[in-house]
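**Student:** Order-wise, the sequence lines are chains A and B.
Converting from the first sequence to my numbering requires adding 334 to each position, the first position being numbered 1.
Converting from the second sequence to my numbering requires adding 4 to each position, the first position being numbered 1.
Keep in mind the hints are simulated off the structure, nothing from the lab.
Beta carbons are placed, not taken as given, at the ideal position from N, Cα and C, and that holds for glycine.
Incorrect hints may have been included.
Pairs of lysine to any residue, SDA-like flavour, derived with a Cα cap of 20 Å [to be verified]:
| no. | chain 1 | residue 1 | chain 2 | residue 2 |
| --- | --- | --- | --- | --- |
| 1 | A | K522 | A | G444 |
| 2 | B | K220 | B | L239 |
| 3 | B | K111 | A | Q797 |
| 4 | B | K99 | A | Q797 |
| 5 | B | K99 | A | R892 |
| 6 | A | K488 | A | A763 |
| 7 | A | K581 | A | R567 |
| 8 | B | K99 | A | R891 |
| 9 | B | K139 | A | Q797 |
| 10 | B | K139 | A | R822 |
| 11 | B | K99 | A | Y814 |
| 12 | B | K139 | A | S894 |
| 13 | B | K99 | A | I821 |
| 14 | B | K99 | A | F798 |
| 15 | B | K139 | A | R892 |
| 16 | B | K111 | A | Y814 |
| 17 | B | K99 | A | R822 |
| 18 | B | K99 | A | T796 |
| 19 | A | K546 | A | T679 |
| 20 | B | K139 | A | Y814 |
| 21 | B | K99 | A | R795 |
| 22 | B | K111 | A | F798 |
| 23 | A | K522 | A | D452 |
| 24 | B | K111 | A | R813 |
| 25 | B | K99 | A | L889 |
| 26 | B | K111 | A | S807 |
| 27 | B | K99 | A | S807 |
| 28 | B | K99 | A | V793 |
| 29 | A | K404 | A | Q844 |
| 30 | B | K99 | A | R813 |
| 31 | B | K139 | A | R891 |
What follows is a set of in silico ranges between Cβ atoms, one per label pair, in the way DEER data are often shown [unchecked claim]:
| no. | chain 1 | residue 1 | chain 2 | residue 2 | range |
| --- | --- | --- | --- | --- | --- |
| 32 | B | Q143 | A | L663 | 38 to 48 Å |
| 33 | A | R731 | B | G192 | 46 to 56 Å |
| 34 | B | G24 | A | S728 | 28 to 38 Å |
| 35 | B | T134 | A | G794 | 21 to 31 Å |
Far from chain A by the CB rule (all over 10 Å, computed), these chain B residues [to be verified]:
| no. | residue |
| --- | --- |
| 36 | R6 |
| 37 | S10 |
| 38 | I58 |
| 39 | M71 |
| 40 | S75 |
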Amino acid sequence: MMRALLSIFLICLAGCAEVKDREPLVVGMELTYPPFEFVDEEGNPDGVSVRMAEALADYLGRPLKIENIKFDALITALKSGSIDCVISSMTANDERRKSINFSDPYVTTGLAMLVGKDSDIKGLDDLKKPGRTIVARLGTTGENFARELLPDAKVNTMQEDPACALEVSQGKADAWIYDQLSIFQHHKNHAKTTRALLTPLRPEQWAIGLRKPKAGEDNALLASVNDFLRQFRATGKFEVLAGRYLKEERQLVRELGIPFIFDSAPIVKGAEGQEDSKNARELQADWLFILLVAVLIAIAIITFWRLTRDTNVSASGSGELLGYTILWLLVSGLCYFVFASLNQTYTWNWEGIWLRRWQIFGGWLRTIWISLVALVLCSGVGIALVAGSRSRFSPLRFFCRAYTEVVRGSPLLVVLLVGYYVIAQAFNANDRVLIGVILLALFAGAYLGEILRGGIESVGRTQFESARAVGFSRMQVFRYVILPQAIRRVLPAVAGLFIILVKDSSLLSQIAVEEFTKRSESARSATYTGLEAYIPLAIGYLLITIPLAYLAACLERRFSYES
Amino acid sequence: MRVSASGLHKHFGETKALDGIDFDVAGDVSVLALIGPSGGGKSTLLRVLGGLEIPDRGSVSVSGEEMDFSSEEALLVHRRRNGFLFQSFNLFPHKSALANIALPLEKVHGLLPAEANERAMAALDRFELTEHAAKFPAQLSGGQQQRVAIARAIAHGPGLLFLDEPTSALDPEMTAEVLDLIVELKDGGQDIVLSTHEMGFARQVADQVAFLSGGKIAEIGDSSRMFEEAEEPRLRHFLSRVMRY
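For reference, chain B alone in the conformation it holds in the complex (with noise of 0.2 Å):
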């Protein structure tokens, strides 16, 4: 994956989500993993990657292009070409598994309806869903939710993936599901940015680890070098205090 920034800033009344974020992430990384304390910005951080929402100042560049955030147009191009999944209610509570990702490859990617239904039934089929695919979102588990919204959002085959914090509504075993499935993803060749608490995946799975704190990365590198040799104070504390149990 390519994906940088420089000097990205982004406040909400007095508080700074970022406060001067640089990074240049590019070669050979399928999976990047924010971490960090609630409240450093890596929702905030995700978020601009994914073109909800415009930074007040800096700029950012996703598989080489740069964003245009003063153009809704470009960042609705931006959205449909990647993918983006939120922590839970992703799923539209009208709709049935199906239809939900039915409906975008129709709507947003110009597929005809048959070919939409072919497709959908066909992430569906890739997770183990096909037995629920007429559900409607309140007859499916949290992590079932979870899994047919992670469909959802490959279906188009988007170039990168941003999750923001997948697994943080779900109980244990539900979260390892989840979790299962995005190893798969990146076995299949998905790029994915993803922000996660749990620290054993990030450590086994990312490639790359940034740590965010405050607004800023406060260090950013390959994942086993970030969690054996942390030379960052604020990220030592941060791992011992969450590797304690």
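Chain A on its own, in the form it takes in the complex (with noise of 0.2 Å):
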């Protein structure tokens, strides 16, 4: 008995060690690019890059695990270590070079566009006449494209593919930059309004992504990825793909006399050679930037530490500086521990991040406008609800009510796609930082709506009867006795509210609009960064909410009055 389990434990044993010899190769990659990676009917990944991966994971005599996570979330978990490789239709460029290695490229594309059905537009030279506007989606080569070469043309980008097509299809941009196949799938779906011109604005290469290894680890991975793509094109293999998924497009670039995306395997330089010599400047101390954020930062710091302070107790001495020590202790040991452990993978790279700071600075400073004038609106939008759901008129009344719990019931994204896409469509209205604001500000305003009618309800009657029997107006018993009151009790509540509408501005990317969170990502997405751009990103958030959080307090002093 006892040697048959210790058999089986020995056998466990040999199992566990084989398969830890044999490691499943992660590969990462988002499932929504057909037909290059996406998920079939029965909900397995599928498509060209699903091939290669298993072909891959063969080559190496791994086993394969495929993850689908989103585009801007790939690079981090790439250089954190949890996927080993990207094969997600990557374009490779010097710059995202300097975060990640590339392996050769498997696929030469170019840039294509999609155009109006009666525009004007032919090429290039067409692009660079002032007023154009131009619509990429954000984060790809297209929006570097448009960035560097139309310096005159107005650039919008966009989250998802479709809101692309939308854009030109409904005349708000006159081209929208992508990549050839994307391109004529989406002209296809617009037919009736869109032309797409397929030659190659600039080629572009795909690659696979890899992590580039910290000092003392080996570079063996990116050598048989290489072997395996020279192999895998010597037999055939991309051809046969072709055959399999992209069998009307290679016959319509092939008719256009364009090469196919897996006719050439060579390197394209050329098109990157321009970077090289961008990127080549010193990294440059700017002290004007560092003054500046380091005066934003110990504005924070000091209004966090006057807010977190314990003001009812008064001084008790050494055992309280003890608690605070230990607990920064635990926090920055915390910090060490993590930061370490993701270092053995992780290599950094704020260079992309740096020279983006006044981007990314004049993104901050629209954020907190777009957040100002939002709070205003929706302070405006929330007294109307709580005017019109007390007025004596009863559709006015109902439609108060009616908007607050459908608009507090929604998503604020569908909000803001509805809005803009459908609603301020319709009213032929376009600029989209004005309709985005007015959007957050209706959305937010029925929350504060809601609030401000508890707090007014919470008053009570007797202080109504009591403003009322020593003879105030109506008016008079709202402005001086029961506004008053409600403010102090709302005060807290609002404040929440106001933080949270600063941080719901970043959702104002989703139409584009030029904020924080989207100079953010566009410079992540251009460098392939991570951490470098999230970090910067949470700070500056909380750059404006704790100095926020601070004032709310200060009022709510100003306003307290029971002792």
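Relying on the hints, combine the two individually framed chains into one complex.
**Tutor:** Written out as structure tokens, the structure reads:
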């Protein structure tokens, strides 16, 4: 019996050892880009990249594990070591190469454009005319191309492909710059309103993304992946995949006399050459920026300290100090542990973010003023809703109640998308910042209205009666007696709402408002960084919300009256 | 004082708070006390007289003027001309004692802020509340709060002062301090209509007493006669119960 158990144990051990030996190859991709990577009807990963990943795992003799990760997060996942490589139609360029490694390219394609049916645009030169509006998907090479080569054009970025196509189809943008195949696909969806110009504006190459090895690590995976790609091409497997997934497109481009994406293998330089010189610039110390950020951080730290300081406890001496010390030691210990383990795989690349610091800072400023304007407007909406829901005119009362319930029950993202693409479109309104701010205010106003209503109702009947008894008119009762007391009661909740409003303004990036989150995302996807952009983003929002919370606390003190 | 009512009705659903009130008080009466069991209609009658409640039917005349219940405007003028006090929670908790008095003087009666403050201070002085001027209601005792509230109610020199059970929410000591104040007001020539459960006070201070029961005035007359030779059986029963201990 013992012997049997022992042998089972040994077999298990051996099994574990074997699995450990053949660790799975974890491939990250975003399954939203047919026919390269997508989910089939049964929910299984399918597409060119999936078949490539299978062949690669086979070649390496390791089991395959596919992780479906949003494109934005792929780089962070790769750099932090949770996936081994990325096969997700990723375009290689030198700026991105600073952050991760790329294999040899396996696809050569080009940027094409989608234009309106009756557009006069025929090529790149037409795009350079002043007054053009270009749309691009956020973080794609199409965006980079537009920003670098079309300085006179207005560039709007979108989160999703269909939104880009819609912009052109609705005439809000003159052209969408994106890869050949996508442009072709989306043209088919909007055949009546658009034309596809497939001649490449600039060649682009897709490659497999790999982690940069840390000092002392070997680069064996990169070499094996390149060997695999050579063999895959040599044995004609790419043609097989093209026959299976891209038959129509292959036929079309070959008819147009444009090379098909798998046709050429050599590494194209050229277009990337000009970026080399730009990035070769020395990283300079920007004292103005450093000073500015230091002042902002100092303000945030001071207000944070005053905000969290326990004012009720009068100096209780060393016990409290000891408590703080232990807390800070614990927190910094935890941070150290997390970052130390992250550092084993993560290659930090601050350069790209640093070069875009003013751009990001501009987005930060815009977030502040968007929030401020939305805050003022939303107060107006909230007060109007309260007044309306207390009015004697019953349709108005009904409207206010219904508005509150519907808006409060919908996700902000949906409110923004429907509001911008459907409602504003119907009224021919195009100013996305203005519309975004208004939508944000209308959304938050519904919450504010409810908070105010609760505050006013909590003041109570007796106060209303007393105020009436001393001879106040209806308006005076409200203004001198009810409102001051209601404000005091709702201040904490309103402050919370305003802080949420600041953070929610980040969703305006969905309708291409160039605010803080959007700018940070652009920088992150252009440079293929992850945490290097997320950390400043988090700090940036705290630099707004902490002083705001402090301001609210001061107001609360000013309005307080109970001893 | 001159106060009269005829055929006053006020129903709250099934409850007949006022069920045909008729009375006429005139001449040398400066304090009218409403007594009677709880739910007898005292508060509702006071609120109607004070312009805070609109009766279903009937008419009221105060100081020789017919009240116009159809116009909120006219009721507001009526409320501004007279004073009203509830049994508790009269003061605005977000204002100091002084500001509680000065605010209506300024906003309702159109005094300049400096004048309003001066007048408010004088009202506090009169009731020996000077030291509490800067305090908020939450820092005052119940009796002090009620005295500040009375100071507020008389600061603008009201024609009639309506007090709705001004001491019901207070303990005996505070009750005494508020009752003393009311006596002082009477001696100063202020006409007062009040409802109360303090029978001793009603008997000594009121000139006339009205006994309300079931939404009707069961009996009305000079206080000495009402307490000593009550005719109405319900009043006799009521008095025998409340005066037993």
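**Student:** Could you run down the list of hints and mark each one as holding or not?
**Tutor:** Tested hints:
1. A/K522 with A/G444: holds, 19 Å
2. B/K220 with B/L239: Since the Cα atoms of B/K220 and B/L239 sit roughly 12 Å apart, the hinted pair holds (cutoff 20 Å).
3. B/K111 with A/Q797: holds, 17 Å
4. B/K99 with A/Q797: Status holds; Cα separation ~12 Å.
5. B/K99 with A/R892: holds, 13 Å
6. A/K488 with A/A763: holds, 17 Å
7. A/K581 with A/R567: holds, 18 Å
8. B/K99 with A/R891: Status holds; Cα separation ~15 Å.
9. B/K139 with A/Q797: holds, 19 Å
10. B/K139 with A/R822: holds, 18 Å
11. B/K99 with A/Y814: Holds: B/K99 and A/Y814 sit about 10 Å apart, inside 20 Å.
12. B/K139 with A/S894: holds, 13 Å
13. B/K99 with A/I821: Roughly 14 Å between the alpha carbons, so the hint for B/K99 and A/I821 holds.
14. B/K99 with A/F798: Holds - the C-alpha atoms of A/F798 and B/K99 are around 15 Å apart, at most 20 Å.
15. B/K139 with A/R892: Holds, because 16 Å separates the two Cα atoms, which is no more than 20 Å.
16. B/K111 with A/Y814: holds, 9 Å
17. B/K99 with A/R822: holds, 13 Å
18. B/K99 with A/T796: holds, 16 Å
19. A/K546 with A/T679: Status holds; Cα separation ~8 Å.
20. B/K139 with A/Y814: holds, 18 Å
21. B/K99 with A/R795: holds, 18 Å
22. B/K111 with A/F798: holds, 16 Å
23. A/K522 with A/D452: With Cα atoms ~16 Å apart, A/K522 and A/D452 stay inside 20 Å; holds.
24. B/K111 with A/R813: At roughly 11 Å apart (the allowed maximum being 20 Å), A/R813 and B/K111 satisfy the hint.
25. B/K99 with A/L889: Roughly 17 Å separates the two Cα atoms, so the pair holds.
26. B/K111 with A/S807: Roughly 10 Å separates the two Cα atoms, so the pair holds.
27. B/K99 with A/S807: Holds, at about 18 Å.
28. B/K99 with A/V793: Holds. B/K99 to A/V793 sits at ~14 Å (cutoff 20 Å).
29. A/K404 with A/Q844: Between A/K404 and A/Q844 the Cα gap is close to 15 Å, so the pair holds against 20 Å.
30. B/K99 with A/R813: holds, 13 Å
31. B/K139 with A/R891: With a Cα-Cα distance of about 17 Å, the restraint between B/K139 and A/R891 holds, given a limit of 20 Å.
32. B/Q143 with A/L663: 38 to 48 Å: Because 44 Å falls inside the window, the suggested range holds.
33. A/R731 with B/G192: 46 to 56 Å: holds, 48 Å
34. B/G24 with A/S728: 28 to 38 Å: holds, 35 Å
35. B/T134 with A/G794: 21 to 31 Å: holds, 30 Å
36. R6: It holds; B/R6 is separated from chain A by about 21 Å at its closest Cβ, greater than 10 Å.
37. S10: holds, 25 Å
38. I58: Its Cβ never comes within 10 Å of chain A, the nearest being 13 Å, so this holds.
39. M71: holds, 15 Å
40. S75: For B/S75, whose nearest Cβ neighbour in chain A is about 13 Å away, the distance exceeds 10 Å, so it holds.
Violated hints are absent here; each numbered hint is respected by the structure.
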